[in-house]
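Chemist: Residue numbers (this note's numbering), protein chains in the order written: chain A, 1 to 656; chain B, 1 to 659.
By construction, these hints were calculated from the structure, which means they are not laboratory data. Certain hints may be false.
[Said to hold, decoys possible] A few chain B residues that don't get close to chain A, going by computed Cβ distances all over 12 Å:
hint : residue
1    : R158
2    : T271
3    : A433
4    : T509
5    : G550
6    : T615
7    : S650
[As the list claims (entries may be wrong)] Think about it this way: if two alpha-carbon atoms lie no more than 27 Å apart in a straight line, the pair counts; the simulated DSS-like pairs of lysine-lysine are:
hint : chain 1 : residue 1 : chain 2 : residue 2
8    : A       : K122      : B       : K97
9    : A       : K485      : B       : K564
10   : A       : K314      : B       : K608
11   : B       : K493      : A       : K555
12   : B       : K564      : A       : K126
13   : B       : K84       : A       : K321
14   : B       : K102      : A       : K304
15   : B       : K118      : A       : K321
16   : B       : K493      : B       : K510
17   : A       : K321      : B       : K116
18   : B       : K564      : A       : K314
19   : B       : K608      : A       : K534
20   : A       : K204      : A       : K135
[Said to hold, decoys possible] Cβ-to-Cβ under 7 Å is the rule here; a few derived chain B residues that face chain A:
hint : residue
21   : K45
22   : A46
23   : A295
A quick note: this is a predicted structure, and the numbers were derived from the prediction, not measured. Where a beta carbon is used, it is the ideal one built from N, C-alpha and C, also for glycine.
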Amino acid sequence: MLLRSASYRLLIPFVLIAAVALPVLAKDEWLPISKEDLALKDVPQNPGAHAVILYKSDVRVDGLGYDEMYYRIKILSEEGKKYANVDTGSYTDSVYRIEDIKARTIRPDGSIVPFEGKIFEKVIAKRKGYSVKAKTFTMPDVQVGSIIEYKYRQKFDTYTALFSGNSWRVQEDLFTLKAHFSFIPGPSALQWVIVGVPPESSPKQQKKDNAIVMDLENIEAFDKESYMPPEDEMRAHVYFYYVSADLPKDVEEFWRKEGKEWRKTAEDYMDKRGAMQKEVAAVLKPEDATNEAKMRRLYDRVQKIRNLTYERDKTEKEEQKENLKDNNNVEDVLKHGYGYHNSINRLYAALLRAAGIDAALMKVSERDDQFFHRNIPIWGQLTSELVVARDGSKELFLDPGIPYCPFGLLSWEDTGAEGVRIDKDGTSFFKTPQPIADNAVTTRKAQLRLDREGTLTGTLQLSFSGIEALRRRLGWREDDDTQRKKDLEEEVKGWLPAGATVELTRMDGWSSGNVPLSVDLKLTVPGFAAVTGKRILLTTSVLHGQDRNPFQHAKRVTPVYFHYPFLHVDDVTITLPERAQVENTPAPQSLKAGFGSYDVKVEKSGADLHVTRQFRMDGVMFKTEYYPALQQFYGLVRAGDDQQAILRTSNAASGK
Amino acid sequence: MQLRGNRTFFLSLIAIALLFQVRANAVNAPDWMRHAAKQALPSYKAETDAVILLDEQTTTVKDNGDVTTLYRRVYKILRPNGRKFGDVLVYFDDETKLTYLKAWSISPKGEEFEVKEKDAIETSILTGSLYQDTRHKLLQIPAPEPGAVIGYEYEQRRRPSILQDSWAFQEEIPVRTTRFSLRLPAGWEFETYWANHDAVQPKPTADGLTWELADVPAIEEERDMPSWRAVAGRLVLNYFPIKADMKEKTHASWSQVGTWYWQLASARRQTTPQIKQRVTELTTSVTNPLDKIRALAAFVQRDIRYVAIEIGIGGYQPHLAGDIFTNRYGDCKDKATLLSTMLREIGIESYYVLVHVDRGVVRPEIPSALTFNHVILALKLPDSVDSSHLLAVSHNARLGNLLYFDPTSEMTPVGELPASLQENYGLLVTENAGELQKLPLLPPQSNRLMRSAKLELSPEGTLSGSVEEVRTGQYGAAARGRLLQTQNADRAKILEEFLGDFLGSFHLTKASVGNLEVYGEPLVLRYSFIAPNYAKTAGNLFLVRPRVMGEKGDDVLETEKERKFPVEFSHASLQSDRFEITLPAGYSVDELPDPLEIRKDFADYTSKAVANASTLSYSRDLLRKQVTVPLSQVPDLKAFYRDIGREERSSAVFMKAAN
């Protein structure tokens with residue numbers, strides 16, 4: 001729990017402790033420069049780097065309300081000179097100030113060029129006495145081989161500091177040779193969690209001044225990669241938070257205690273049994289005999305509630321004009337006909353209970369931005385509420401608070417998501433079911449005709465279902481049909497060689513999550529097949545000729561993270577030109593890996609070629625040791641998709 | 001000088017603005033907005049996001065040169081994408097005061113909203129400079145829904161250093177009615193220049209003149225079209241004051257623009273002992289004047305960091321050469337200033353050349369200082385310099401041979417010119433004069449990409465071997481720039497990304513770069529790879545795509561929409577592939593792709609595959625002769641690209657010899 005109240009009186013002893021450290025911290029001195037640093041031309045641990053951080057420190061003293069940053073950076077290439085433009089980051093001037101900026105350039109020969117230039121203050125956003133600013137400056141006389149050095153102090157209100165979390169940014173975009181971190185906390189107990197820091201290097205709290213200290217060497221530069229997990233989970237950092245005196249020492253007890261409080265609040269919100277029973281009676285129909293039928297009927301009912309979470313952000317004036325009343329309980333949600341995501345889910349749980357179905361709430365950490373860390377006693381990690389309903393021995397995880405989310409399915413962020421579940425038996429940690437590839441299916445059914453010039457024409461029916469359809473519906477919810485048509489046509493064109501024309505002729509299923517999203521298109525692909533004197537060479541995976549292996553690089557640092565498993569099913573029929581004879585069709589391909597599979601088969605059927613292709617990805621997270629296997633798998637898929645059927649044209653066949 | 005605006009910053013600002021939440025007062029929309037809202041509209045294409053119902057600009061000039069401009073604009077939002085027009089961004093700085101800002105909306109349900117300047121967010125981050133003293137106010141208009149009518153009005157006051165105004169009346173969406181009203185003091189005169197529109201006569205009003213246009217079509221973005229500013233309609237007006245001391249504020253000719261810049265900038269080229277010393281250090285070991293020029297140019301290109309700090313007139317006026325030298329940083333005009341100062345030390349005279357980095361924006365018939373956004377230099381070559389091998393040279397009747405050089409472009413060596421400046425216009429600034437010059441278009445052979453490969457196919461279809469790429473001109477500069485920005489350890493990824501476009505599965509086994517930091521020499525890339533499953537076996541046939549890598553076709557014209565603008569290439573060029581593929585034993589040629597030869601005014605393409613029992617040889621050349629393909633030749637270009645694309649997908653067929 002973050003501290004919610006504190007007294008200025010409590011600060012006094014910490015001001016005194018901090019004051020002991022003050023004479024040391026206040027010294028306006030630069031650290032000595034070694035000959036080795038001056039002579040440094042490359043770092044073996046990070047060869048060819050444009051620049052390296054020789055030293056950095058982050059010294060925070062909450063009792064005195066400041067955080068001092070110090071950077072010493074060696075410039076190793078022309079490109080590295082860009083680090084001489086310094087931006088201290090944005091700050092809200094009513095909360096923080098940036099003070100005492102000092103900087104200098106050390107030439108390769110050791111001579112010093114003090115920074116005497118101007119420090120510019122940029123206004124990022126300002127209105128009505130509230131402003132967000134940033135300070136920026138640029139270092140003089142910076143050459144390859146120079147060392148640039150700067151420090152500044154972030155000054156803040158000692159009281160304010162108690163209410164905000166803080167973190168040490170351990171991993172920078174540059175390789176760091178040495179780093180020193182220190183944090184002298186304020187009056188309350190400070191706890192911390194390390195992410196990506198070796199346990200043996202964890203921060204230690206000193207007895208003499210209460211400072212939490214950590215010294216590290218050789219910290220890798222942080223580099224973003226495609227298909228990587230959320231950045232906050234990958235970039236090394238130490239997160240600090242103040243805790244109130246009544247925080248349980250045992251983190252499990254924290255979750256129990258907080259969970260209990262949350263449950264009470266939620267149960268109070270849902271405690272409108274009479275109103276719920278009345279609504280259930282009005283909604284359920286005689287044919288809703290089973291629990292599942294009742295659940296579905298009530299699910300449809302609550303999804304008709306106006307969902308404020310998914311509406312466009314409104315200006316305050318618009319909100320004033322609309323004057324929506326607060327929902328204080330589920331009866332209000334029902335009565336007003338609107339609600340936010342969690343309140344709609346609470347209404348659903350309350351209706352289920354009123355219908356005699358066991359239902360509870362669960363809170364999860366949505367895995368698009370972050371993963372759940374059980375060892376961090378911060379309730380705010382849990383960002384979304386779901387409904388868990390029981391039908392006999394079967395448990396269902398449900399989220400009607402997401403528009404178009406079909407019954408029985410969760411949006412991908414909430415699948416395989418960890419969180420906390422509280423029911424009458426108490427708190428338990430839980431993980432929502434991991435989705436399977438069949439929960440996100442894309443099917444492509446094409447009926448095409450090939451002419452003797454190699455041009456393909458015909459129709460394509462696309463169908464997206466489950467998580468795939470939900471993702472698309474949510475992504476396009478603010479758009480109109482014109483935009484959706486344009487986007488889909490562009491997407492399909494991207495699957496085909498240059499010169500293809502694609503026209504969408506029908507699309508259905510935008511307004512309901514219970515049916516697949518289906519789209520019909522007309523295609524023309526001039527010169528798709530290569531025509532030679534005697535033959536036509538036809539790439540049989542028509543819709544995958546432009547695919548790329550997404551894992552081309554030999555080197556991989558972070559795990560590969562697919563958001564969800566998926567299945568792609570193609571069924572393509574190609575009517576061949578008259579008098580063209582099939583000389584050869586590609587052999588069937590079948591790859592089976594622990595994480596997925598790929599099957600493609602080409603069959604001759606009368607005057608047609610019939611191509612079936614199925615690509616299944618079952619894995620979500622791949623550690624780096626599995627990267628070569630994944631890379632090889634995609635390479636073989638590409639090879640399979642490049643296969644060609646060989647057609648013999650009649651002229652050649654007759655010997656002309 | 002800097003381009004104004006930065007989309008990323010702008011989007012960030014919108015996000016910040018949402019945090020602030022606007023409080024607005026409900027007041028009726030003004031009559032001019034209601035009037036505009038009532039009009040019947042013609043039918044627009046389904047993808048039209050919004051229509052500007054009214055765009056009005058009223059400029060009032062006072063005797064003392066103060067200019068007050070009132071802007072009014074009314075939109076009707078037609079599609080969800082049109083919501084973006086509800087974010088109003090207004091510019092101001094220390095010299096341009098924003099005196100009034102208000103906005104209104106009428107929702108599709110008829111609800112009305114009003115927001116004022118106090119509701120706006122102020123920001124200074126919408127520039128690419130390290131620091132610029134310009135500010136913007138962002139005002140979010142409530143309820144910008146499809147069907148809504150939104151409008152705003154603001155007034156700016158300024159005392160401009162140049163008495164010129166412009167009315168940009170063409171936009172990315174259709175404009176129903178647009179007008180420009182001018183109120184000049186008695187005795188003042190004006191002249192007009194029309195760009196991309198026929199001249200229209202103004203109508204007299206009670207206190208001035210008004211130009212008005214109706215149903216101005218939208219300029220829809222097309223890939224590889226000329227710069228948007230080069231094709232949009234605008235009216236430029238020069239005002240001529242009566243007072244003699246104000247006359248120099250009006251530039252009626254390029255010469256006057258040149259004079260203005262000469263007076264602003266030329267005195268900044270003051271040398272210092274430190275500059276002199278550095279020039280001596282850089283040039284004593286070389287005797288040839290051209291080598292001396294190269295040494296000084298390289299110093300300014302690479303040892304002076306590009307950093308733009310623009311405050312007030314600093315948007316146009318360079319810093320002092322001594323300050324630039326001491327700080328070792330500056331923007332384009334600063335770099336030009338320092339290099340010019342250093343060149344003087346070796347007896348080479350040079351001149352500022354003002355340009356716009358987008359070809360076609362500067363128009364010879366419209367003299368305007370406000371059009372430029374970049375500064376380069378023209379060096380007066382001594383007679384002793386053999387300029388025959390220097391490409392960026394043109395002869396000036398008065399000054400002799402001039403070598404154009406851009407000290408800001410780190411990768412462009414002396415003798416060459418960045419692509420965007422070629423066949424562009426630049427204002428040559430000489431002592432109290434200016435002359436608009438057409439900058440040279442460098443020949444195709446100066447931008448050369450020669451890719452040659454020695455490869456081998458295994459019986460299983462694995463392709464392996466080595467490739468050498470020799471890159472000059474823009475091909476060298478672009479690749480050099482990307483490689484130098486990338487850490488050594490990650491440079492292989494650039495090649496992996498390239499090969500990944502053509503090879504399904506491969507392993508890069510070796511890679512090296514030659515002349516990476518020898519900017520005057522061709523960049524040479526050498527790499528080797530192994531690609532399993534490259535060739536396909538089909539019964540007793542073996543299918544091999546001879547093209548292997550590289551893409552010369554383009555889908556730029558593959559759209560159903562009718563093309564409205566010419567296609568513009570960045571530069572003329574010559575690209576060549578020469579691949580030798582050793583075949584596995586036991587195969588004979590059954591079929592080869594037909595050779596292709598296409599010759600057009602704008603480009604030539606030839607390709608040929610030949611084979612014998614052991615080797616498949618493939619060669620092709622793409623010669624781009626022009627930088628602009630006129631609209632009339634666009635269908636030819638489309639067919640040209642389609643033929644190349646078809647050829648690139650073709651395969652050679654080999655047959656296994658019978659045992």
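Chemist: Are all beta-carbon distances from R158 (chain B) to chain A longer than 12 Å?
Modeler: 20 Å, holds
Chemist: For a C-alpha distance cap of 27 Å, please report whether K564 (chain B) and K126 (chain A) respect it.
Modeler: Given pair K564 (chain B), K126 (chain A) is violated - Cα atoms ~42 Å apart, limit 27 Å.
Chemist: Between K321 (chain A) and K116 (chain B), is the straight-line Cα distance small enough, at 27 Å or below?
Modeler: 17 Å, holds
Chemist: Is it true that the CA of K122 (chain A) sits at most 27 Å from the CA of K97 (chain B)?
Modeler: Within the cut-off at roughly 19 Å; holds.
Chemist: Within 27 Å, alpha carbon to alpha carbon, are K608 (chain B) and K534 (chain A)?
Modeler: Holds: K608 (chain B) and K534 (chain A) sit about 18 Å apart, inside 27 Å.
Chemist: Please verify that the nearest CB of chain A lies beyond 12 Å from T271 (chain B)'s CB.
Modeler: About 18 Å separates T271 (chain B) from the closest Cβ of chain A, which puts it past 12 Å; holds.
Chemist: Please verify whether K485 (chain A) and K564 (chain B) have alpha carbons no more than 27 Å apart.
Modeler: 23 Å, holds
Chemist: Given the hint that K564 (chain B) pairs with K314 (chain A), test it: the Cα-Cα distance must not exceed 27 Å.
Modeler: At roughly 38 Å apart (the allowed maximum being 27 Å), K314 (chain A) and K564 (chain B) break the hint.
Chemist: Minimum Cβ distance from A295 (chain B) to chain A below 7 Å?
Modeler: 16 Å, violated
Chemist: Under the criterion that the straight-line Cα-Cα distance not exceed 27 Å, is the pair K493 (chain B), K555 (chain A) satisfied?
Modeler: With Cα atoms ~9 Å apart, K493 (chain B) and K555 (chain A) stay inside 27 Å; holds.
Chemist: With 12 Å as the threshold, tell me whether T509 (chain B) passes as away from chain A on beta-carbon distances.
Modeler: 10 Å, violated
Chemist: Sort out whether K608 (chain B) lies within 27 Å of K314 (chain A), counting only the CA atoms.
Modeler: Violated, at about 62 Å.
The structure is inconsistent with the numbered hints 4, 7, 10, 12, 14, 18, 20, 21, 23, although it conforms to all the rest.
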